[in-house]
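Please build the complex by placing chain B on the supplied structure of chain A, with the hints as guidance.
Heads up: the sequence lines are chains A and B, in that order. Mapping to UniProt numbering: the first sequence position 18 is 18, numbers consecutive. Mapping to UniProt numbering: the second sequence position 313 is 313, numbers consecutive.
By construction, these hints were calculated from the structure, which means they are not laboratory data. Heads up, none of these hints are tricks.
Cut-off 20 angstroms, straight-line C-alpha distance, at most; resulting in silico cross-link-like pairs (EDC-like, lysine to aspartate or glutamate):
id	chain 1	residue 1	chain 2	residue 2
1	A	K98	B	D187
2	B	K172	A	D88
3	A	K2	A	E108
4	B	K402	B	D389
5	A	K98	A	E21
6	B	K402	B	D359
7	A	K98	A	E14
8	A	K75	A	E108
9	A	K87	B	E186
10	B	K120	B	E41
11	B	K172	A	E114
12	B	K62	B	E16
13	A	K98	A	E35
14	A	K87	A	E34
15	B	K402	B	D425
16	A	K2	B	D187
17	B	K158	B	E131
18	A	K87	B	D187
19	A	K75	A	E14
20	A	K98	B	E186
21	B	K133	B	E149
22	B	K172	A	E108
23	A	K98	A	E108
24	B	K120	A	D88
25	B	K158	B	E132
26	A	K98	A	E76
27	A	K98	A	E34
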Amino acid sequence: MKFVALIYAAPEAEPVYGTPEFDSLLEEYMQLSEEYSACGAFVAGEGLQGNDTATSIRVRNGQTELVDGPFAETKEQLGGFYLLECKDLDEALRLAAKIPSARYGTVEVRPVAEY
Amino acid sequence: MTENPSNNGSVVGLLEHLIRADRGRMLATMMAQFGNLGLCEEALQDAKAQALQTWQQQVPAKPATWLLQVARRKAIDVLRREQHFQGISAQLSYMAETDVTDADLTSVTGLDRLPDQRLKLIFICCHPALEEKSRVALTLKLIAGLSTEEIARAFLDKPATLGQRLSRAKRKVRQSGIRYGLPGPEDWPARLASVLQVIYLIFNEGYACSSGEQQLRMDLCEEAIFLGELMGQLCPNETEVVGLNCLMALTHARRHSRQSDDGVYIPLAEQDRSLWDRQVIADSSYRLEQVLALKKPGPFQLQAAIAALHGEATDFESTDWQQICVLYRLLLSCQANDVIRLNLALATSWVEGPQAGLDALASLTYSLAGYQPFHAARADLLNRLHQSDVTRSPSLRGEAIKAYNQALALTQVESERAFLTARRDDL
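So here's chain A without its partners, still in its complex pose:
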């Protein structure tokens, strides 16, 4: 079954772009994605631009309303995700625990609904 690992972290807890720390984090993520691919779990995975680039949309009474900003203003922001193919929650949790941002942020794991 498929699981999504949603990666949340407070931007101030993350290494700053352009620093050696940032480079090694990026390197870690690339290795992780390769590891996921190697074990057959990788379906998709992306990092997202910051919350300040978000535009939220609501359609009410047929009218589209745009809001400049994320769905919710929180300290920890959704920064990226992986979509993983795993045999069960145990495996998904074990793989998600390897996500570097879990060390300073939170990774939420959820099964993908099958209709």
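The following block gives chain B in isolation, referenced to the frame of chain A:
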């Protein structure tokens, strides 16, 4: 055919007894076939409801078989009704035609030749992705066979609240990708640790009597001991399971000395050791020695070893505190936590004196500020220091009284309140 019950009460009683004695076997057998916790449990509930009606006239010769057979048919009916199960209708027809077999029945009538089914169910109930309290509640409900009302009473919850907790937990099991199966080797240690933790929590809830009805709480101890022994049968090679079982047995062996007839808590130093169950202590110590010799130690084995040292001491004075300190340090090296540090501080005080104990407690002041045993321990150490103080310094006495009051403010348990109040007033 067995007796015809004359009224509804005896059928209800028979059913309750069956469910308790069954200890999750029927559900585990159902799960082996259907793998869906909600479906299986509801089908068993429906079967029980049907039993309440039809058993009035005549109780079947094999009531458990009857329940399992009816539950199985109910589950198949539900699956048939659900459109998206169309693809497996052939398999369903086959299942509907198969009767409950002898192999199924061994799991309901005594000899367990299908123990793995229940082990899987236990692993589901204790999955670490569930909230701790939900794990405890699910285990008591689905494995121990306690009713929602009984579990609610034990944990001082409203039955409705606990019922919601159980439904939420079952929904999460169904939807979150928790597999009905044994954990793989990579997940095994953490998953097993969670099972043992749940069993120990149940035991402690019974032992600590943190409030509520005492009898029911003692039953929780027995329940935890049963679950531990069941795990021991299902996982005979796990040394920590044996460790947990020895720890619970050794602790339970001292239960009659922990409280006076008028309900006052009695500390270890003053317990009447003739009330201890020497046979259980000797058996458990022997069992523990054998498992320690396998050199696969863990926190439960270490705690059991400490309990064994207490159990083997003929009186408080002859307790091997040095060895106990060593064991607490080992325990800290495998699970650093402040409650263990508190116990180490107390053990140290019996080797090096109360001042050494107080010094060791100082670093825990902040982290254990809301923990009653911390204040009770501190009060006792100050009291001992005061007793040995020839100058009878009033400030030491004042500090001890303050500590007793802090401990009192943090407990609702009558036996502890009576003990702490008496100690404070003796000063």
